[in-house]
Amino acid sequence: MKPRVAVVTFPGSNDDRDALRAVRLMGGEPVSVWHADQGLAGADAVILPGGFSYGDYLRTGAIARFAPVMDAVRELAAAGGPVLGICNGFQILCEAGLLPGALIRNRGVAFVCRWINVRDERSGDVLPVPIKHGEGQFVGSPDELERIEGDRMVAFRYCSPDGALDDAFNPNGSARGIAGVRNRRGNVLGMMPHPEHAVDPDLGPTGGQHVFEWLLSSARAAVSA
Amino acid sequence: MQPPAEPMHRALALTDDEYDTIVALLGREPNAPELAMFAAMWSEHCSYKSSKVHLRTLPSSGPRILVGPGEDAGVVDLGDGVTCVFKMESHSHPSAVEPFQGAATGVGGIVRDVLAMGARPAALLDPLRFGPLDDARNRYLFAGVVAGIGQYGNSIGVPTVGGEVKFASCHGPNPTVNVMCVGFAPADRLLRGRPGRLGSVLVLVGASTGRDGIGGVSVLASRTLDEDAHTSRPSVQIGDPFSEKLLIDACLELADRGLLEGLQDLGGAGLTCAVSESAARAGLGAELDLDAVPQREPGMEPFEILTSESQERMLAVVRPDAVDAVRGVCRRWGLSASPVGSLVEGGGLRVRHRGDVVAEVPAAALANEGPEYHRPAERPRWLDRVREDDPTGTPLPGSLEDAFVAVLGSPNVAGKRWVWEQYDSLVQGGTVQGPGADAAVIRLEGSLRAVAVSCDGNGRYCHLDPYLGAAHAVAEAARNVAAVGARPLAVTNCLNFGNPERPEVMWAFAEAVRGMGEACAALGTPVTGGNVSFYNESGGSALYPTPVVGMLGLLDDYRLLMRSAFPALGLPIYLLGRTLPELGGSELAEVVLGKVSGRPPALDLETEANLHQLLYECSRQDVLGSCHDLSDGGLAVALAESAIAGGMGFHAALPASDLPPWVSLFSESASRAVVTARLGRDRELESMAAFHGVPLARLGLTGGRTLRFEGLFDLDLSDAIAVHEGTIPKLMSGRRLAG
Chain A
1 MKPRVAVVTF
11 PGSNDDRDAL
21 RAVRLMGGEP
31 VSVWHADQGL
41 AGADAVILPG
51 GFSYGDYLRT
61 GAIARFAPVM
71 DAVRELAAAG
81 GPVLGICNGF
91 QILCEAGLLP
101 GALIRNRGVA
111 FVCRWINVRD
121 ERSGDVLPVP
131 IKHGEGQFVG
141 SPDELERIEG
151 DRMVAFRYCS
161 PDGALDDAFN
171 PNGSARGIAG
181 VRNRRGNVLG
191 MMPHPEHAVD
201 PDLGPTGGQH
211 VFEWLLSSAR
221 AAVSA
Chain B
1 MQPPAEPMHR
11 ALALTDDEYD
21 TIVALLGREP
31 NAPELAMFAA
41 MWSEHCSYKS
51 SKVHLRTLPS
61 SGPRILVGPG
71 EDAGVVDLGD
81 GVTCVFKMES
91 HSHPSAVEPF
101 QGAATGVGGI
111 VRDVLAMGAR
121 PAALLDPLRF
131 GPLDDARNRY
141 LFAGVVAGIG
151 QYGNSIGVPT
161 VGGEVKFASC
171 HGPNPTVNVM
181 CVGFAPADRL
191 LRGRPGRLGS
201 VLVLVGASTG
211 RDGIGGVSVL
221 ASRTLDEDAH
231 TSRPSVQIGD
241 PFSEKLLIDA
251 CLELADRGLL
261 EGLQDLGGAG
271 LTCAVSESAA
281 RAGLGAELDL
291 DAVPQREPGM
301 EPFEILTSES
311 QERMLAVVRP
321 DAVDAVRGVC
331 RRWGLSASPV
341 GSLVEGGGLR
351 VRHRGDVVAE
361 VPAAALANEG
371 PEYHRPAERP
381 RWLDRVREDD
391 PTGTPLPGSL
401 EDAFVAVLGS
411 PNVAGKRWVW
421 EQYDSLVQGG
431 TVQGPGADAA
441 VIRLEGSLRA
451 VAVSCDGNGR
461 YCHLDPYLGA
471 AHAVAEAARN
481 VAAVGARPLA
491 VTNCLNFGNP
501 ERPEVMWAFA
511 EAVRGMGEAC
521 AALGTPVTGG
531 NVSFYNESGG
541 SALYPTPVVG
551 MLGLLDDYRL
561 LMRSAFPALG
571 LPIYLLGRTL
581 PELGGSELAE
591 VVLGKVSGRP
601 PALDLETEAN
611 LHQLLYECSR
621 QDVLGSCHDL
631 SDGGLAVALA
641 ESAIAGGMGF
651 HAALPASDLP
661 PWVSLFSESA
671 SRAVVTARLG
681 RDRELESMAA
691 FHGVPLARLG
701 LTGGRTLRFE
711 GLFDLDLSDA
721 IAVHEGTIPK
731 LMSGRRLAG
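Residue numbers (the numbering used here), protein chains in the order written: chain A, 1 to 225; chain B, 1 to 739.
Calculated from the structure, these hints are not laboratory results.
Mixed in with the good hints, there may be bad ones.
[To be verified] Partner residues are not named here, just some residues of chain A that face chain B (Cβ under 10 angstroms, in silico):
1) 51
2) 54
3) 55
4) 111
5) 112
6) 133
[To be verified] Incomplete in silico selection of chain A near chain B, CB under 7 angstroms:
7) 14
8) 132
9) 197
No residue lacks a Cβ here, since even glycine has one placed at the ideal position from N, Cα and C.
Required output: the full structure, derived from the provided sequences and hints.
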């Protein structure tokens, strides 16, 4: 059976349809969920997509965390179900306290849309994926960063095409080149790069497939458990 | 004794004659709100009063054209039940006054034009012109415009996939900010030919109405900007992209559910324009109740509510029994939806405010019967002198290599990554090829077909010969689209000129329209609409005549897309087309010789069409490894760009000819492309070129880390990249932006 993956649409979500398309392409059953809904329509996994939820006029993700649907997202996370936050979705997960750290304006100030590479900190794989954000600089207090490192919560770091860590390849000034983090349990993943825009070989590199494979296999595992 | 006060109609930029016409139409003197409505609708911006007589000559019909000029946007039938809606518009005047908001609201406006046809906005392109970047104010304008486009486009989730940026001194005081939007709609959801009926309710959807943007069309867009332009800042609207995003989603849902009879955007002239056009289109009158219009502040005067250009509003034309459903959908998206009027018998537009009728005017006269001028045109006297000064015979002052580096690094030619990395080019998942290419390519959902889009204009050519220059703009845009393997289908345009009351400007305008029309007719690409922006001059200096063409093409299978980058080592490189000694108006002449003079290159439209046909066939047969059209900087720049994009060098020998090497390298002769053949396909390419009557010359091979022009000079690929990619960032980094 295909795992069912909910994609939440907040007012101002932009990449929700892209996430739905990517789930379908990668073999999942996508289902669209509205921010004001109380549940996740029976989904085994959930994606909080990119965009500018509620306009992001206060602070990115700061209002979205109060959306009714977020209770269901928290419940799924607490039950060990896979939760993926992409870009604005990552910001929302940080604001909601499901992931550590915060995201602030890029070091270079300007919005940047660019294909970059990230290194998967578990497998060492180098994944070509695009970023497109103005507030993607990952920050945390020194203690927080130590804890994130110590608990092996860093999921992805910005890197050179051959996987080397170098500030020249850090597009936004993120602390320790962090592009994505997981929670300690490993079932909640947030990342600034957009894996949903890197799954279709007709459009470019497919570094994002890896992330969806993780999401779908975790969802399958949760279903059979 | 005090001087007599200026009559109000003059303050609103209406002439005495226009005022007399209004009096005759009404059979009485107009009151203040009525005068404000006429001033807005009969402004140059809304009424096209100086340009209509010329625009009518453009070819505008064809088998694929579903909607031509005169509606919110043109519509082209792509087949299989899919239509493409597209349009270009100018927001130069507001951007000159406040670059960030001016450009941002320009994006918002063009997106609502496409939305008004029931289409989902799917791509944006931005043709921009500024003064040279060594000037702090030009940097401020450039940075502000790019940031404004980025902030708005990124926030509403419409990818910005292309455009062009050029620099010339005359654009310093007159920056040009054009925005093009492309959208798609299922043919059966297209909102056209359904103008509403007697009793239809007018529902104002979206933002509330404030005092921003009052007089935008008559004061800002239809007059020249003077030294005190910054005092016009209150006339610039402020954008709220989040509201726009909700408006897009809500309107598409309304259209999907079949709840709309019609949809009208509120842009220039605000509510006055939307209501009078809705009524006129239906052949009816309208009642409008200003008290029902949600207002941002108390005490707004009727003329303010009527002509406010507050952003992020749409007017839905709805059956009475669908009003509740419309309000429900809008509520879900957090938008207000207020019935503000209805379509009624007769042709009058009656406006009520606090129970009183405050204006009563014929809707059709307001919307469609504005003045129409045959303004005098006169060929400028300086033209012959400038044209006679042909730079083609002038030897280079320095080495060929120096000239190459100067041209490759000139801001016009240099890579624009600094600009387009600030734009989200990927959202919506349709971008097969984004910025920095000959043409952007957007696929149709669930299909192998894609549209190719390009924007082009060449100010120098149009300065030297507006007729030929505008024809070149069409040819180059079509060539760009053909270079990716698409068939050019249709055109939108934005015609940016100076003060039409000056005969020289009017002559250039008429010539440009004539050239554009002939080229569009010859290439089979009708003009589906566009926008005219006059009065782009300040302190007596006008911009170059700047007709910008937006070309739409169709690609049968996007997997056969041709890219400009050299894809592999050891591929044979060919030049397609004939090179003539044509450096008039060229990049080399301006950058190296300091001359904007001579005649632009000749253009033979049959030769041009033959090249397009050849490229189309090459794409279908998958014969080419790469394909790049030639334009600014000629062969030298095209070879360098293909090398830089592919990350590999080449060695190339110029074809045998009588031309001096710098002429061969930098001539901007039209109808040419640089291609590589796939391995083993070179004979096939040669015979196809012969069949289509396109001259072809083998130049050399791809590969290596050097750009090698045999017998002339070498340049390291890394140096070429540094020059090409580094120019704009270097000019923009660490420099103070003037405010």
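Problem set entry | Those earlier numbered hints the structure runs against, lowest number first | The structure conflicts with no hint, since it agrees with every one listed earlier.
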